[in-house]
Amino acid sequence: MPVLPLCNLLPPPFPLSQLNFIPEHDPSSYKGSSGCRFLTVGASPPYFGALAYASAATLQAGADMTTALTLEDAVADNLRNCPLTSAETMVYSSNLLPPPDIPNFSNSISGTLIGPGLSRAPSSQSWACTVASSLPPSPSKCVVLDADALWPSSSPSILETLLPPRSPLILTPNIVEFNRLVSTHLPDSSNYESESDKAQLCKLLRAKLNVHGIILKGPTDIITTEHCQL
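Residue numbering for the sequence shown follows full-length UniProt numbering, beginning at 1 and increasing consecutively.
Honestly, the hints are just simulated from the structure, not real lab data.
Fair warning: there could be bad hints in the mix.
Claimed, not checked - The calculated lysine to aspartate or glutamate pairs, modelled on DMTMM-like cross-linking and capped at a C-alpha distance of 20 Å, are: (1) Lys208 / Glu226; (2) Lys198 / Asp188; (3) Lys141 / Glu160; (4) Lys141 / Asp101; (5) Lys198 / Asp221; (6) Lys208 / Asp188; (7) Lys141 / Asp64; (8) Lys203 / Asp188; (9) Lys208 / Asp197; (10) Lys217 / Asp197; (11) Lys141 / Asp221; (12) Lys203 / Glu226; (13) Lys203 / Asp221; (14) Lys198 / Glu226; (15) Lys203 / Glu160; (16) Lys141 / Asp188.
Unchecked claim - Cβ pair distances, simulated, as ranges: (17) Pro122 / Leu230: 34 to 40 Å; (18) Ser126 / Pro103: 16 to 22 Å; (19) Ser133 / Pro187: 22 to 28 Å; (20) Asp101 / Pro219: 39 to 45 Å.
On a predicted model such as this, the values are computed, not experimentally measured, just so you know.
Even glycine gets a Cβ: it sits at the ideal position worked out from N, Cα and C.
Whole structure, please, built from the sequences with the hints as guidance.
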């Protein structure tokens with residue numbers, strides 16, 4: 001299979017004019033000099049592609065470098081050979097970057113995403129809980145939970161491991177994951193059908209969990225923070 005350029009595999013990035021919160025790079029800068037580095041955590045067989053896409057997306061959104069962390073060596077090897085994995089992506093398995101090393105490593109990262117391709121397997125969920133609990137608290141470094149990082153069956157779940165939030169915590173559920181969160185954390189809430197009902201539940205759920213924000217993904221995304229809703 002030929003290796004395709006990354007630009008052929010991903011949609012074009014948004015114009016910087018529309019993303020004015022991302023600072024432009026200094027023309028004299030070099031890889032790693034701008035200080036925005038992201039950690040992406042997940043990927044279980046055979047779902048390594050989800051973490052590859054997530055890692056590539058952080059670079060496309062403006063990160064200088066990204067580190068992909070997965071539980072198994074075999075998955076890490078697949079990630080290293082994936083066409084989506086660029087020179088700005090460092091790939092580690094838990095053997096190379098075990099959770100006890102994460103506090104020191106996290107000093108060099110700007111934020112963490114947990115969940116893409118993680119799977120609901122108890123071993124993966126338990127490992128991700130350990131990684132999440134190893135992240136040192138920081139008011140300036142966000143933690144994003146997506147996909148199987150929102151799965152509630154493990155005890156404690158990954159979300160429960162991070163509550164109450166010690167760092168800005170953002171949840172990005174789809175509608176099925178959102179319904180599950182609502183039934184778990186807002187069991188007395190009535191059924192909803194309209195977009196306004198979903199928007200109100202987003203506000204209630206964000207307040208109940210005291211998280212920084214919730215992005216409910218759908219035909220029309222609903223973005224909810226303490227200060228506004230879009």
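Each hint, compared with the structure:
1. As the CA atoms of Lys208 and Glu226 are separated by approximately 11 Å, the hinted pair is consistent with the 20 Å bound.
2. Note on Lys198 and Asp188: the hinted pairing holds, with a Cα-Cα distance of about 15 Å set against a maximum of 20 Å.
3. Taken as a hint, the Lys141 and Glu160 pair is honoured in the structure, with Cα atoms around 18 Å apart against an allowance of 20 Å.
4. For the given pair, Lys141 sits about 18 Å from Asp101 by alpha-carbon distance, which is consistent with the 20 Å threshold.
5. A C-alpha spacing of about 11 Å is found between Lys198 and Asp221, which places the hinted pair at or below 20 Å, so the restraint holds.
6. Proposed proximity of Lys208 and Asp188 is supported: the alpha carbons are some 12 Å apart, at most 20 Å.
7. This hinted pair checks out: Lys141 and Asp64 have alpha carbons roughly 15 Å apart, not beyond 20 Å.
8. Proximity of Lys203 to Asp188 is assessed by CA-CA distance (about 15 Å); at most 20 Å being required, the pair is judged to hold.
9. Proximity of Lys208 to Asp197 is assessed by CA-CA distance (about 16 Å); at most 20 Å being required, the pair is judged to hold.
10. Between Lys217 and Asp197 the CA atoms are separated by roughly 15 Å; this keeps the pair inside 20 Å, and the hint holds.
11. The hinted pair formed by Lys141 and Asp221 fails the criterion: a straight-line CA distance of about 23 Å is larger than 20 Å.
12. Using a Cα cut-off of 20 Å, the hinted pair Lys203 and Glu226 holds, with the two alpha carbons roughly 8 Å apart.
13. For the hint linking Lys203 to Asp221, the alpha-carbon distance of about 14 Å falls within 20 Å, and the restraint holds.
14. A distance of roughly 16 Å separates the Cα atoms of Lys198 and Glu226; the hinted pair therefore holds under the 20 Å criterion.
15. Only pairs whose Cα atoms come within 20 Å are accepted, and Lys203 paired with Glu160 is accepted, the gap being roughly 19 Å.
16. A hinted pair counts as satisfied when its Cα atoms are at most 20 Å apart, and Lys141 with Asp188 does not qualify at roughly 33 Å.
17. For Pro122 and Leu230, the hinted distance range of 34 to 40 Å is satisfied, since their beta carbons lie about 36 Å from each other.
18. Between Ser126 and Pro103 the CB atoms are about 19 Å apart, so this pair conforms to the stated range of 16 to 22 Å.
19. Between Ser133 and Pro187, the C-beta spacing of about 26 Å keeps the proposed range 22 to 28 Å intact.
20. Look at Asp101 against Pro219: about 41 Å separates their beta carbons, and that is inside 39 to 45 Å.
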